[in-house]
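Colleague: Protein sequence lines, in the order shown, are assigned to chains A and F. Counting from 1, position 131 in the first sequence corresponds to residue 180 in our numbering; the numbering is continuous, with no gaps. Counting from 1, position 43 in the second sequence corresponds to residue 57 in our numbering; the numbering is continuous, with no gaps.
By construction, these hints were calculated from the structure, which means they are not laboratory data. This one's a predicted model, so the numbers in the text were calculated from it and none came from an experiment. One or more hints might be untrue.
What the hints assert, rightly or not - Okay, the calculated beta carbon distance ranges per label pair:
no., chain 1, residue 1, chain 2, residue 2, range
1, A, Gly346, F, Lys82, 18 to 28 Å
2, A, Ser295, F, Lys110, 26 to 36 Å
3, A, Leu241, F, Glu79, 12 to 22 Å
Backbone N, C-alpha and C define an ideal beta-carbon position, used for all residues, glycine too.
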Amino acid sequence: MKNVKVAGVGLTKFGELWDKTLFDLATDAAMEAINDSGLTINQIEATFVGNMIYGRLSGQDHLGAAIATQAGIKGAGFRVEGACASGGLAVHLAVQSLLSGTYKNVLVVGVEKMTDASISEVTSALMGAGSDAERKAGLTFPGLYALMAKAHMQKYGTTRKHLASVSVKNHYHASLNSKAQFPFEITEEKVLNSPCICSPLSLFDTSPITDGAAALVLTSDTGKPGVYITGSAVATDTVDLASRKSLTEIAGSKEASQKALKQAGIEVKDIKVAEVHDCFTIAEIMAMEDLGFCGEGEGGKYVHSGTTKLGGKLPVNTSGGLKACGHPVGATGVKQIVEITEQLRKTSGKRQVDGANVGLTQNVGGTGGTVVVHILQT
Amino acid sequence: MNSPVTIWRAHKNLHNYLNKVGKLVVWTKIFVAPGGFEHQVPYLVGIVQFNDERLPLQIVDCEEEDLKTDQKVITVIRKIGKAKSEDVIEYGIKVKPL
């Protein structure tokens with residue numbers, strides 16, 4: 050299926066961007082994507098905005114219309130929310146709108162402005178993606194993923210060094226990415242000795258609070274060669290982690306990836322590069338297993354072996370991932386597709402993966418209540 | 015913090031969850047808390063397996079070093095978060111080692 054083409058991409062710097070508003074970030078990314086596409090603003094028929102918590106932090110909702118008009122775009126405007134998978138979900142709906150024939154050219158903007166609020170306010174807002182029982186227990190998302198990490202350690206013998214290897218690798222990749230929030234390397238010792246956030250996860254096992262925006266122009270005009278979205282699938286599960294059958298997997302990742310691979314007509318062994326949702330180091334380890342890159346319980350050793358580092362057999366999170374490139378929650382799912390598009394266009398510079406012609410993105414909302422998987426091909 | 019009517023409605027059902035014995039599946043110690051829980055840090059939260067369901071609950075009256083997988087715990091009533099001086103105090107279910 051080569052019916053949806055990525056015509057243009059745009060990405061702001063990720064980080065603590067105190068001199069920029071949410072609308073500045075969204076407009077910057079949108080204009081870059083539109084210019085990259087070669088289309089004019091008047092040719093954009095709809096805008097899909099991925100955003101999770103801006104309404105709660107600022108009081109400003111109605112972002113579909115607000116961001117589209119700020120950027121000077123007419124036509125339909127939608128705000129899409131699916132926790133930290135809001136960006137991926139916005140891309141999925143944009144793809145469906147093109148496949149249905151409703152629109153021919155659409156803009157997707159993922160954006161979040163998180164650093165204007167206190168850590169406590171942001172932590173509480175993010176817990177909107179959890180369940181009422183989890184909020185009453187005083188749980189946080191680091192806490193929920195810490196429970197998954199502990200269960201994985203108990204069941205499979207995964208170690209803190211395995212977890213740390215995710216962080217070390219993704220910081221190395223981010224050191225090659227000028228848009229990353231933390232473009233520098235760190236050592237295993239630094240990760241292991243950083244302050245505990247929620248046992249067994251420490252500060253450098255967690256993704257940061259980030260401002261940033263990413264944008265795509267998608268088109269059903271597939272005349273010229275380019276990068277295509279050939280698979281786009283969403284799966285859902287219980288929002289409450291404790292209600293799940295297993296604490297050591299995200300079932301939605303398995304379901305969504307199998308659907309997306311089937312749509313694309315490829316197998317997991319065909320994937321050459323991937324961007325996955327490493328909101329915490331354990332999340333990338335589980336993603337390796339759930340997406341089928343390695344066996345059940347082998348994710349820790351798989352990442353620790355270097356297979357997923359640049360130069361390895363399957364480079365994962367060449368952008369630096371959520372851990373080191375940053376995690377502006379509504380933008381992350383869109384940024385993942387920007388990164389894979391640039392890999393497939395062979396424009397990733399020092400981060401370029403040799404022979405990259407098929408890529409995968411996995412964007413997770415909450416602890417797996419929503420999972421979005423996309424397949425991109427040249 | 016929940017509204018008074020939400021708290022009142024939840025309080026009416028608390029007795030259904032009292033004195034239930036379960037097993038601790040997994041737990042964590044939280045050092046960075048969401049709003050309303052900052053005064054409690056560090057605190058313990060676990061997933062507890064009861065006969066008919068699995069719930070996330072705070073663990074009280076113990077230290078992390080005292081906990082073991084499959085340890086028996088029992089539900090108790092405790093304050094949830096911190097209420098301001100004019101707010102309704104919210105109570106809820108937590109567990110302590112048996």
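Colleague: Taking the earlier hints as the rules, which of them does this structure contradict?
Modeller: none
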